[in-house]
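Listed here are the chains, written in short residue letters.
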Amino acid sequence: MVPLSYYLVLSGILFACGILGFLIKRNIITIFMSIELMLNGVNLSFVAFAAHWQHLSGQIFVFFVMVVAAAEAAVGLAIIIAVYRTRETLNVDQVNLLKL
Amino acid sequence: MTENLHLWVIPILPLIGAAINGLFGRRFSRQRVVTIALAASGAAFAMALWIATQFSSASAPYVTYLAPWIRAGNFQVDFSFYLDQLSFVMLLVVTGVGLLIHIYSIGYMWEEGGFYRFFSYLNLFMFFMLTLVLAKNYLLMFIGWEGVGLASYLLIGFWFTKDSAASAGKKAFITNRIGDFGFLIALFLLIKHFGSLDYTQVFEAVSKLPVEVNGIGLLTSIGLLLMVGAAGKSAQIPLYVWLPDAMEGPTPVSALIHAATMVTAGVYMVARSHVVFDRAPSALTVVAIIGTLTALFAATIGIAQTDIKKVLAYSTISQLGYMFMACGVAAYSAGIFHLMTHAFFKGLLFLAAASVIHAVGGNQDMRYMGGLRKYIPWTFWTMTAGTFAIAGIPPLAGFFSKDEILWKAYGGSWVYWLIGLITAFLTSFYMFRLWFMTFFGEFKGNQAPSHEHDDSHGHGHGAPHESPMVMVIPLAILAFLSLTGGWIGGRLEHFLSPVFNDGLAEASEKIGETASKGTEHLLMGISIAVALLGWYIAFLLYRQRPELPARIAAGLGGMYKAVVNKYYIDELYAALFIKPLVDGSTAILWHTVDQGVIDNSVNDAADSTRHASDAVRHMQSGNVRSYAGWVAAGAAAVIAYMIWMGVR
Amino acid sequence: MDLHLALFLIFGAVCVAGAINLLVQRHPINSALSLITVMASLAVEYLLLGAEFVAAVQVIIYAGAIMVLFVFVIMLLNAGEEARTGGSRIALVIGVPGMIVGSTIVAWVLLKRSGTGDVAIGSLPGDPKTIGWLLFHDFLLPFEVTSVLILIAIMGAVVLASRPELSSHLEKER
Amino acid sequence: MLSIETFLIASAIKIVIAVFVLLTAVAYTVWLERKVVGHMQNRWGPTRVGPFGLLQPLADGIKFIFKEDLTPPHVYKPLYIAAPMIAVICALTSISVIPIGNAVHIFGHDIPLQITDLNIGLLIILGITSVGVYGVALAGWSSNSKYSLLGGLRASAQMVSYEISLGLSLVGVLILSGSFSLQEIVAAQSGSWFHIIPKWNIFQGQFVAFFIYLTAAYAETNRIPFDLPEAETELVAGYHTEYSAMKFAMFFMAEYANMITVACVATLLFLGGWHGPLFGPRILQDVLPVAWFVLKVVAFLFIYIWVRGTLPRFRYDQLMAFGWKFLLPLAIANLVVTALVVALRS
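Chains as they are written, first to last, in my numbering: chain A, 7 to 106; chain B, 157 to 804; chain C, 142 to 315; chain D, 29 to 374.
Simulated from the structure, these hints should not be mistaken for laboratory data.
Bear in mind that the values here come from a model prediction, so they are computed numbers and not experimental data.
Keep in mind that a hint or two might mislead.
As the list claims (entries may be wrong) - Calculated pairs, SDA-like style, for lysine to any residue (alpha carbon to alpha carbon, straight line, at most 25 Å):
no., chain 1, residue 1, chain 2, residue 2
1, C, Lys253, D, Gly206
2, D, Lys174, C, Arg304
3, C, Lys270, D, Gly195
4, D, Lys174, D, Val188
5, B, Lys717, B, Ser212
6, B, Lys326, B, Val720
7, D, Lys174, C, Met216
8, C, Lys253, A, Val89
9, D, Lys42, C, Leu148
10, C, Lys270, D, Lys174
11, B, Lys735, B, Gln210
12, D, Lys174, A, Val48
13, C, Lys253, B, Ser777
14, C, Lys270, D, Ile192
15, D, Lys174, A, Val89
Unchecked claim - Per label pair, the in silico range of CB-to-CB distance:
no., chain 1, residue 1, chain 2, residue 2, range
16, B, Gly778, C, Arg225, 15 to 21 Å
17, D, Ala87, C, Arg225, 51 to 57 Å
18, B, Gly778, C, Asn219, 21 to 27 Å
Even glycine gets a Cβ: it sits at the ideal position worked out from N, Cα and C.
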């Protein structure tokens, strides 16, 4: 028997790692992967809650999250490719033209 | 109520014509434009004639309710039309003269650019004028009132590429605006005190009020304000200045709008509101004084003008002054009678003058005319009819109506009569002066300075020639009306009496007391004598001894100069009103208020926004990770807040 | 120590190690592989919770498709090691403390104040049949909406990633 | 219910046996291919080592093991080493859920002829296969060579693309059987119509699905006519250009193991698994299903080799266009039709 909070803490750690990755990583692809990491953390809490409440809705939500993640990956990676073509870099610190 | 006369159809017909020509006329041939315009105005006239067959004084007024317009609380204004004896006369005059001038314009404007535009505007004018005349309430009348102003503006500025025409259009519009302002305030007062603009309701309420003998009460205020509006539209002192300039428009327009119909709207309005004026004697006196002064004043200017159209323009102002004089002594039916005859002979005179101008190739200066009698006989004879009519030679139209007015004026005060008489003499003089200068003596067209007037028709300066039949026929019809129009005088007064006598009958009773039949005949004789005197002096000066006028002018010196320059009224207005207004606008409104206050406050707002944004714009570093940092911090704050709320 | 807790801890540790490795590694492909590790271990965690279908889909979709895309893009763009540029002070000064504060609060609340109970191993079997039933009945509308979302994403990706001049060139060649 | 110790021991034994059998099968699939293609091309194939060259795979294995393990200097070493392992591990793991026959009764226990029976067995196979892409992709990338990189790129794009068609072609079968468990899928195909036509899925209207599966499987396993990741005439040897000795052997094994897995799945899902005519004594009846299964797998592998000996290689854009514009719509259409028929029948 594992307390539900353990799962939630694990999910929280993953989510926090995702945020941290977003904050400290420079490579735009890695940043994107940090987002996926956050989504995974959320998924884990969904499944854990599903088990806790004995309701499958939580697991269904995971599928929707996955679909959104897939769509996001497709579009996001296409954007990355387009950015790379014009800016010739993947470093977000150098993609900073959108400012005054 | 009586049977439905479908009054709304009459104004709608010209509107349809105006819309078709205005929207699609550019692609139409001239023939088709003419067909549409004539069909519209002809149908309106036919409708008016049909109504004439249905009309019976017993069942007047007829009312046609079309649709609701404004419903605000108890206040209600509808699209409804109203036909009594007064508007019936106006209806016939407007549609009849309008149709004739439409026909005339075909010949006159045939070679002009913007042909479709001209006829579209003419039809539009007809629509608004008929709306004005047939309206059942003041607001709908105001729509027509403004609309004829618009049509007038468009037509004066018809040759808008010419600067003077464009300016004249603006001048007419702005001067009318001043009058309309008074009219509007009068309407507001009506709404405030009677809660309605409907003729029936307003007059019913007014007729229950006592006569305001002393001071300026409500009815006097309303009457004076209405008179301000009428003065603007009908070119009375002090707002007459736009009418002479309006001669920049095509001459048929001058005939239709600035002689026969639109400028008489003020008279119609005063006559329509006679219930108010009857109970405001001081306002009525003001009307009479304004009318009398205008009549004399414009006539004196008229004797020194050399431009044929300007002479007629001042003559129109003067004649309008007569009408107001009539209204001012509560002789409304005399005013309307003169309105009608004036529409005939002044329309005729303008059209004939147009024919003359047409004949000599665009020149309007009478000094370079002369001897045209043998070149353009039709024009000569029709114009002769008009001249005799306006001069008051019996048995032509002008004699009857003018004599009626003078007779009624005498009933009001002998001063009115005397000034009217002097004006009649001056009228006779300047009209015969025009007649002699134009048609007698030698043709001097070849000496004219070679200025090409925009009112020309590309004929060049050949020998003068008669106008085509399409222009001559309306002239002939109007000449016939000028000859015979006066004979219905007595019957017209009787016909109109249900309208004007339902109020107080004091004024006419007063006249009946003070004047006898003998006096009337005496006065009539004096009138005729004065008219003939005018003819003789004109004959003397411009036929027998043509060198005399110049000597007289030299002798009179400054006074003559003042008359030629229209008493410097335009200059006076420029100095009194326009310059202070322009200077004030420049100094106060533009430099101080607009630039100083409004611009500065806007700029300051923008500047402060910019400075504030400048301070925080550094957050917008363009660096995604910084944004993420803010998001993370914000999320932490939100979580902390929510947890704290939960714990508490 | 029972099997459930042991497995949870083992794979949880793998998860956290993978996540930290994702952050530590400078080469994006290493980060990607770390993320795949995280996802695989998460799949096992899902299995522990009884969500077998979710676990399988996690492997097939996340590890097998989405991450392949990532690796593919990394290879395509030949992404090199990450440069340690200091583009954003705010991310470190404000973002990281904010993240730490936020997660600390959440963890504290979860561990100390939550009255949640234990979860038994495989306590809620999420077999494909039940999930399919739910998906096509109770969640039919969201399901259809996500299908539209996917369609839009496909078109968006094609438009974004295609080089117009290149594709028109190919068209001409054909 | 087995005790945990027995379970672990039995599983370990089964794993050892399975790996041994699989590796042997891989070795002899290679031999079979060389032999069959040789005969198709009017050659003999391997003949020197053992009768009919039957010991050739053994000789090859020994050679691979003892060859010098070259590591080119510019490779990214960790992944360069990890890539072949990923490939071969994924290939070998996926066999773990494949049953090769009914449960047999040995030592007083009912032992299923499969390492483990999961009710999501098919999904496990799909998942492991999809992870197998990384072996190829990472090998191509870590070799730091343009041929390898191109091969790796092609492999990952191709495998991701065809995986969709492959998965969709299986869904029709899943609808018919209503389960992810391979045991149940096979059980659903037992019996026959009129004692002649077996109730295999391929005869239950899933012929189109079988064709799609066949085509997609060729692409998934990088086999001719879809062997673009290792197209010799263009990319030297594609993603494994820089590999040699045992690491190369791992890729080699992974490819053939994948072929066998694919053949097993095809057999289980479309060809009725181990179902076939049973006759003879009891012991024969126990062995025959396995024999039928092996026969079907070998037949499928033969088609593989046959196609290799017959068809030329596709061009890359043709491959992609075929996958996305023909195979995928066809798979969806098949799925819709199957679903409709099942829905109408029930």
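How the hints compare with the structure:
Annotation: proposed proximity of Lys253/C to Gly206/D is violated, straight-line Cα distance about 45 Å (limit 25 Å). Restraint check: the Cα-Cα separation between Lys174/D and Arg304/C comes to about 22 Å, which is no more than 25 Å; the hinted pair holds. Of the supplied pair hints, the one linking Lys270/C and Gly195/D holds, its CA atoms being roughly 17 Å apart against a limit of 25 Å. Pair hint Lys174/D plus Val188/D holds up; C-alpha atoms about 21 Å apart against a cutoff of 25 Å.
In summary, the hint linking Lys717/B to Ser212/B is not supported, as the alpha carbons are separated by about 54 Å, beyond the 25 Å threshold. Restraint check for Lys326/B and Val720/B: satisfied, since their Cα atoms lie roughly 24 Å apart, inside the 25 Å limit. Proximity of Lys174/D to Met216/C is assessed by CA-CA distance (about 11 Å); at most 25 Å being required, the pair is judged to hold. With a C-alpha separation of about 46 Å, the suggested pairing of Lys253/C with Val89/A is violated against the 25 Å cut-off.
The suggested pairing of Lys42/D with Leu148/C holds, with an alpha-carbon distance near 23 Å, which does not exceed 25 Å. Distance check on the hinted pair: Lys270/C and Lys174/D sit about 46 Å apart at the alpha-carbon level, beyond 25 Å; violated. Using a Cα cut-off of 25 Å, the hinted pair Lys735/B and Gln210/B is violated, with the two alpha carbons roughly 55 Å apart. As the CA atoms of Lys174/D and Val48/A are separated by approximately 39 Å, the hinted pair breaks the 25 Å bound.
Using a Cα cut-off of 25 Å, the hinted pair Lys253/C and Ser777/B is violated, with the two alpha carbons roughly 40 Å apart. Between the alpha carbons of Lys270/C and Ile192/D the distance comes to roughly 21 Å, so the proposed pair stays at or under 25 Å and holds. Only pairs whose Cα atoms come within 25 Å are accepted, and Lys174/D paired with Val89/A is accepted, the gap being roughly 23 Å. Our hint of 15 to 21 Å for Gly778/B and Arg225/C holds, since their Cβ atoms are close to 19 Å apart.
Range check, Ala87/D to Arg225/C: about 52 Å between beta-carbon atoms, so the 51 to 57 Å window is met. Separated by about 26 Å at the C-beta atoms, Gly778/B and Asn219/C satisfy the suggested range of 21 to 27 Å.
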